[in-house]
Amino acid sequence: MKFQVYLLSITVLALNQATAAVTTDEDIMAQRGNGIVTQGEFTARVDKIPEDIRFSTLRNGNRLRDVINSLLLRAQLAADAREAGFQNKKVIQERMRLAAEAELGEAWLQYYVASQPPADYEALARESYQLNQDKMLSSPQIDVSHILISTDERSDVEAQEIADKVKQELNADPSAFDTLVVKYSEDPSAATNHGKFKAVKKGDMVKSFEDAAFALAEGEISQPVKTSYGYHIIRLDAHIAPKKREFSEVKEQLIAVERKRHEERIQQDYINSLTSQDTLLTQEALEEMVRRQFGDEVVDGPAGDEPDK
Numbered sequence: 218m219k220f221q222v223y224l225l226s227i228t229v230l231a232l233n234q235a236t237a238a239v240t241t242d243e244d245i246m247a248q249r250g251n252g253i254v255t256q257g258e259f260t261a262r263v264d265k266i267p268e269d270i271r272f273s274t275l276r277n278g279n280r281l282r283d284v285i286n287s288l289l290l291r292a293q294l295a296a297d298a299r300e301a302g303f304q305n306k307k308v309i310q311e312r313m314r315l316a317a318e319a320e321l322g323e324a325w326l327q328y329y330v331a332s333q334p335p336a337d338y339e340a341l342a343r344e345s346y347q348l349n350q351d352k353m354l355s356s357p358q359i360d361v362s363h364i365l366i367s368t369d370e371r372s373d374v375e376a377q378e379i380a381d382k383v384k385q386e387l388n389a390d391p392s393a394f395d396t397l398v399v400k401y402s403e404d405p406s407a408a409t410n411h412g413k414f415k416a417v418k419k420g421d422m423v424k425s426f427e428d429a430a431f432a433l434a435e436g437e438i439s440q441p442v443k444t445s446y447g448y449h450i451i452r453l454d455a456h457i458a459p460k461k462r463e464f465s466e467v468k469e470q471l472i473a474v475e476r477k478r479h480e481e482r483i484q485q486d487y488i489n490s491l492t493s494q495d496t497l498l499t500q501e502a503l504e505e506m507v508r509r510q511f512g513d514e515v516v517d518g519p520a521g522d523e524p525d526k
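In this note's numbering, the protein residues as written are 218 to 526.
Everything labelled a hint here was simulated from the structure, so no lab data went into it.
Do not rely on the hints blindly, as some may be mistaken.
[As the list claims (entries may be wrong)] Straight-line distance between alpha carbons at most 30 angstroms, and here's what the computed DSBU-like set of lysine-lysine pairs gives:
hint, residue 1, residue 2
1, 352, 384
2, 419, 382
3, 382, 415
[What the hints assert, rightly or not] Estimated spans, in silico, between C-beta atoms of each pair:
hint, residue 1, residue 2, range
4, 354, 415, 10 to 20 angstroms
5, 301, 270, 34 to 44 angstroms
6, 425, 300, 52 to 62 angstroms
7, 370, 277, 29 to 39 angstroms
8, 409, 275, 35 to 45 angstroms
9, 425, 393, 17 to 27 angstroms
10, 421, 461, 15 to 25 angstroms
11, 466, 273, 20 to 30 angstroms
12, 349, 305, 56 to 66 angstroms
13, 275, 456, 41 to 51 angstroms
14, 244, 277, 18 to 28 angstroms
15, 457, 347, 23 to 33 angstroms
16, 400, 270, 45 to 55 angstroms
Computed from a prediction, not measured in an experiment: that's the story for all the values here.
No residue lacks a Cβ here, since even glycine has one placed at the ideal position from N, Cα and C.
Based on the provided sequences and hints, a complete structural model is requested.
Next comes the structure, spelled out in structure tokens:
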């Protein structure tokens, strides 16, 4: 699949003397100051992005920019460190080795899990569906109608005054709600849906709207409710009780859950098999560690001291 990537604020620089340090079979992708990111390094970084969001991440200009900026900053810091000879310090070499071990171990664990035989995820999903019938209910839903007095082209005060006026008319004649939708509502969708929203569940609407709507009794009309769109007057038309969802409705969701559980079991079993092996840590090695970290006197104690019994 072809797509164009726009690097936004990333400046493409000409090659300079710093390129001599780069392996000849790798192309430079981005450069800033002494910091260079090669195509191979970028590929290695991308490999750490979960596969299911990798493509969307690369297509998102802001996220792509953040990834490249992070790599460039790391490369600039490392270049300055090498120029100062900082990498030659023994403890820094050990830290670099630890970082390499961590990367290798993490990549291997991911590979190990992915290479194991898959389970029958659909069968597991069906079993979970049968055992958890009480959790296979749809979310509570409501049918609502509303009148919107918009704040797009008027002040908040003006919109609230109109909304209060409409509410007074409804107090006098609640049955006029549908007529007043046509007369007052400035929701662009009102021309087609007449202000009615069917089977609304939590998360479908802005929070202040849905909080007010779900708190109403059937047939009740709210006071004006403020949202970023303006003022809404809401009528609750019906409560829709949760109902059992068919397996086909939740199949993909349950399969994803079972796949994740299976992979987590494989990972944990493998880790347990490693951590359950005997640990060899001698008293001599422990004392040498203490000596290196805290000095000889911590191990040996002041002259003349007797060791603890």
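Failing hints, ascending? Result: hint 1 breaks, nothing else.
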